[in-house]
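Put the two chains together into one complex, using the hints given.
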Amino acid sequence: MSREQAEQRIFGVLRWVVIAFLAVITIFPFYYMVLLSVKSIDQLLLAPGKLWVSLSELTLSTYQNVLQPTDEGGQGFLRMLANSGIVAAITVALTLLASVPGAYAVSRLKFFGGRHVSALFLALYLFPSTLLAVPLFVIFARIGLQGSLIGLAIVYIAQTVPVSIYMLRNYFVTIPRSVEEAAALDGSGQLRILRTIVLPLAAPSLVATGLYVFMIAWNEFLFALLFLAAEPGNWTVSLGLSQLSNGIEVSKTVLMAGSVILTIPVVLLFYAVERLLTEGLTSGADKS
Amino acid sequence: MSTLRSAERRPSVPVTPEGPPGRPRRTPTLAQRENRTGLAFVSPTVVVVLVVVVLPIAWTVLLAFQRARLVDIQTMDFLSGWTLDNFTQVFASAGFWSSLGVTLVYTAGATAGSIVLGLVAALALRRPFRGRALLRGSMLLPYVAPVVAVTFVWEIALSPQFGIVNEWGAKLLGWDKPIAFLSTRSQEITLLGWDVHVPLALLVVIAFETWRYFPFAFLFLLARLQAVPAGLEEAATVDGATLTQRFRHILLPQLLPVIALLSVLRFIMTFNKFDDVYLLTGGGSGTDVVAVRVYDFLTARYDVGAASAQALVLALVLAVLLGIYFAFFAKKAQEEEV
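For the protein sequence lines, the chains are R and E, in the order given. Going by UniProt numbering, the first residue of the first sequence is number 1, and it counts up by one from there. Going by UniProt numbering, the first residue of the second sequence is number 1, and it counts up by one from there.
Same shape as in the complex, but just chain E (with noise of 0.2 Å):
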């Protein structure tokens, strides 16, 4: 609408009577200055991506395919030393489908545990009440403090010698040993008369994540929450619909897209995350997700083109997920419609 009007009201072109007879004036029209600015405003943007995400993400693919250790990196050509061992070598590697199982089971915990919490933070903050700015703020530190700092906190909680988690396990639950959270594969637990392994320090590694990245998640759906008419919960009080039925009928259909385009963000991101599980267990334990793999190809091994391999079969999955999902998304809203 308003770029109609401006285009009715602005003068299109500049008036030049001066031009040269007998040829038709062929002054750009606003339209086309106005595609020619957008593409050069948007050129140096477009630029910088090209240079650091897409050229690099290219070579990737490369190197993926060429014998290349970082050695030899210096001297070697752009376009030689081709090869598939690169790949054999990843899905030979041992340990590589165990991680690759780890990477899920960690990403999908993660992202589930950081929405659930933060929608019952959300629905428990929707309401006033005092100290609600406090509590608000001081709930997004886990999610702005450096990711270094609080691991460390974690892990010194956590510590068997003199972390306050073990004290009080001892003291008050009555623990007989001090548990070596972040470094047991598998604890045995007595669940109600039944003897279970936990994989311990991957459960331990979840709930991080959880409690890094609910903030995120809250902040979202708080503000969803917020913009939901007051009507609508009103209208449904009034006939007689309890608080459940409220969010069951309610409020999450009004919450679900927000809830499905955060599960999708934090699935990728959590799904690439290196530094959290890095700095928390080092990847050892059971906790050996395919991203710390990547790094220590590249650093332990100085192998180039494995770790590109690596890196592009991580991508490589996460597109599939993402493409079974949207695809199972798409048929379902479909579904819907009809």
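Here chain R stands alone, though its shape is the one from the complex (with noise of 0.2 Å):
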């Protein structure tokens, strides 16, 4: 056997291992989240290591108890979820309304310290968001927005932007110019052609980039958990469950059950627009 037979057959058994282990690390630890959050507490204590559920065992009162509202005994996710939704509504607004003009520009138009700008973005990242954090926080409690929802958007903003704005760039650079030309040509300004033209071509990177900020705005938790901590009627998703755990009373099933409802809604957004969200981020990747 020469050493390419040998190699290939090495390594054709090692890639099936390889899928193999890799589809178990990524599908078991929700499959075990989803399972644990439908069995009762006693069942768990009891055979933590059964891997299924019998339908005579199968409860949902776990769910019940989570989305309760506090004052009927529950843990009032409902309206943390409206919440969650409502502060990343707010940040996907704001982000895109700060970054198309910026991404635009970058894309499109020379001007002076136009290829500064773009570097300036992207450095943006360096910072760490606990440098961030401490003035924010100060910031916050001076002017009175500590604990507000529209404050904390503001906060993601800065997570968001660096991002979005690379993202649409990537995608505004491949729409052909010549379309512009011509609208240009028909006297229409800058700003119409980038609202009548370009927007609805780049509609699907819009669509792209929107859902990445919502997934970063909905999975946040540094600074819910510095800005909303004490206002418990305004707690994100994250943030209620994060202190849930805190509350000895609550039973582990139910943590699971609180799990499942913060991860479905941003797992299911991200599957149906995953091809716009993979390409939007790796593009220009595969240039290099």
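One thing to keep in mind: the hints can contain errors.
[Said to hold, decoys possible] So the derived label-pair ranges between C-beta atoms look like this:
1) 33(E) x 179(R): 33 to 41 Å
2) 82(R) x 185(E): 38 to 46 Å
3) 199(R) x 132(E): 28 to 36 Å
4) 249(R) x 252(E): 53 to 61 Å
5) 324(E) x 31(R): 41 to 49 Å
6) 199(R) x 227(E): 25 to 33 Å
7) 227(E) x 148(R): 26 to 34 Å
Hints listed in this document are in silico derivations from the structure and should not be mistaken for laboratory results. C-beta atoms are modelled at their ideal positions from N, C-alpha and C, and glycine is treated no differently.
In structure tokens form, the structure reads like this:
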């Protein structure tokens, strides 16, 4: 057997081992999450290693507990879902408003300092969010935005504008210039061109970017903890869930039900636009 | 090219024959107009970035040199109470240097881990097979799912009382007592007759970070792999290069720029990472990374000055490391050109 044949055979087997391993490590934790969320805590303690749940043992009371408002003895996750949705939606709107003109300018127009601006936007990632956390915490305490959902959304812009500009710019450069030039010949101004021609063409990219931003805002934890911890009425799902675990009387299976509820919206959204999103993120990687 | 053409085709100035006589017409050229619109378009973005990013960072730098507690921040002057105490406090405080060391080990381990696993995954999923699309989709789950939810799953799975890992470890591997993965600073294990102490909690946190971010590396590496021209590998096969040789001499050089970029990105992100460690261990059991210390200074002691100083030191260390990296990298690139 030649070396090539031996390697083909070894790596042919290894490949399937790797594929099985990847399937297990990525799917199993989420299966485990759902599994525990429909069990009762007694069954979990009785047989921690059991990997299925029989129909007679299946319970949805965990979900009921999590979703019920607090004054009815539940954990009030419906309210938190609404809060998370509001914060994420405001963040998406503000981020797109702030980054579309900038991304368009950087991708299309030649202007003084244009190349530095795009480098500057990327450099923002060098600064740790912990570095931003301290002054923002202080400023918000000072102007009374602490504990408000709008304030939180404003903080999130700092996290989302750079990646949003990066993704939008990558898409804008693929739109043929000739389309815009034709509009310019008709006497349209840049703003009108952007609004009536470029944005409709870039709709897929806007959707992908918007959803990525939504995902970041929905999943965010540090700033929610810093700014909202004192305002239980404004808690996001991420924050509410983490605070729930500090309560001793809350069972682990209820925590898992909360985790499922927190995960489902963002995973559904992600798979709705998976291809758009992965292309938006990685375009550029295949050109280097 | 296209800008040149457009300049010829497009009437660059509105023709105004009725301009004031005797004075040279001063209508802006196309380039000037484009310059102006460009600046106008980019300014909202710049303003937003200034307000939510640059100003806060500038203020952090000021606060780091001020005597600032949260209680008197409402009343204090922007520019008073200068002191260097915050920095002496940071450097002298117990566990600062070990915390920096932990941060470095954590960052390097998680960066290398996620890129290596991402590379292995990209190579395994490169050629189509039945169910590839499904697996590809599910592989993004760890990256997409909210950090609070996935840390809970890990916590419960690793729990010594009812976690599935300890249950199966006892059943299949014969562990004699359950292991508290997330609260064990140092675990003694016997490896080939040697007793070794491993920083268990830190390793678990690194494993978590590797697991959560390998999909990111996977996405970028797969995109690059699929852009490698097929002819290159075919030619090498004809020349008798084996699978490993083709990887070493054809694929790896093509992937290196992406790997370098990913290393820098992941290193920066992990170095500043707060939530993963905080949620898994709370910074205990030998996992006290600097980002968690900043949070503790801020919320437990309400010491804004010390928290700022700590955050600033963290940012400076990162900047120095990146500086070294780029100096080394630029030098290497030059050598290769020569």
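Consistency of the hints with the structure:
1. 33(E) x 179(R): 33 to 41 Å: violated, 19 Å
2. 82(R) x 185(E): 38 to 46 Å: holds, 41 Å
3. 199(R) x 132(E): 28 to 36 Å: Roughly 35 Å apart at Cβ, these two residues keep to the hinted range, so it holds.
4. 249(R) x 252(E): 53 to 61 Å: Holds: the Cβ-Cβ distance is about 55 Å, inside 53 to 61 Å.
5. 324(E) x 31(R): 41 to 49 Å: Given a distance of about 43 Å, which is inside 41 to 49 Å, the answer is holds.
6. 199(R) x 227(E): 25 to 33 Å: holds, 29 Å
7. 227(E) x 148(R): 26 to 34 Å: Once the Cβ atoms are compared, 46 Å apart, the range 26 to 34 Å for residue 148(R) and residue 227(E) is violated.
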